[in-house]
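Visitor: Start from the sequences and build out the full structure, keeping to the hints where you can.
Each residue of the sequence shown is one higher than the one before, counting from 1 in my numbering.
These are calculated hints, taken from the structure and not from any lab test.
Hints may be right or wrong, so weigh each one.
FRET-style restraints, in silico, Cβ to Cβ [as the list claims (entries may be wrong)]:
1. Gly53 with Thr89: 11 to 21 Å
2. Leu92 with Ala56: 11 to 21 Å
3. Gly70 with Trp41: 24 to 34 Å
4. Ala46 with His100: 15 to 25 Å
5. Thr51 with Leu92: 16 to 26 Å
Note that the Cβ used here is the ideal one computed from N, Cα and C, for glycine as well.
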Amino acid sequence: MVIWRRQSTASSHLDLLIRLPHHVCLLQKSLYGLKQDPQAWYQPFASYISTLGFAASVSDTSLFVYKEGGHIAYLLLYVDDIVLTASSTALLHRITERLHS
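Guide: Okay, here's the thing in structure tokens:
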């Protein structure tokens with residue numbers, strides 16, 4: 001779903017911040033158009049990637065690490081974005097294929 005809004009200038013935002021420094025913005029819609037609790041889809045996804053061999057990071061719950069021999073891959077899950085990087089192109093392609101399936 002695409003949400004359109006009237007474009008405003010940076011100066012109008014700055015003016016608002018100067019005039020109303022202690023006000024906050026109440027969102028009428030959830031971020032990225034998500035209408036459900038992020039945990040509702042996070043847990044099934046985290047369970048699935050653990051079956052692929054990823055281990056959850058202790059320091060960051062959105063970071064998952066995969067080790068295969070001397071190669072390593074990192075998967076970062078944030079809201080509805082996935083960032084995946086690996087130490088070899090072949091490993092990156094294998095993981096991507098598994099995620100597509």
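Visitor: Which of the listed hints are not met by the structure?
Guide: Nothing - there is no hint that the structure violates, so all of them hold.
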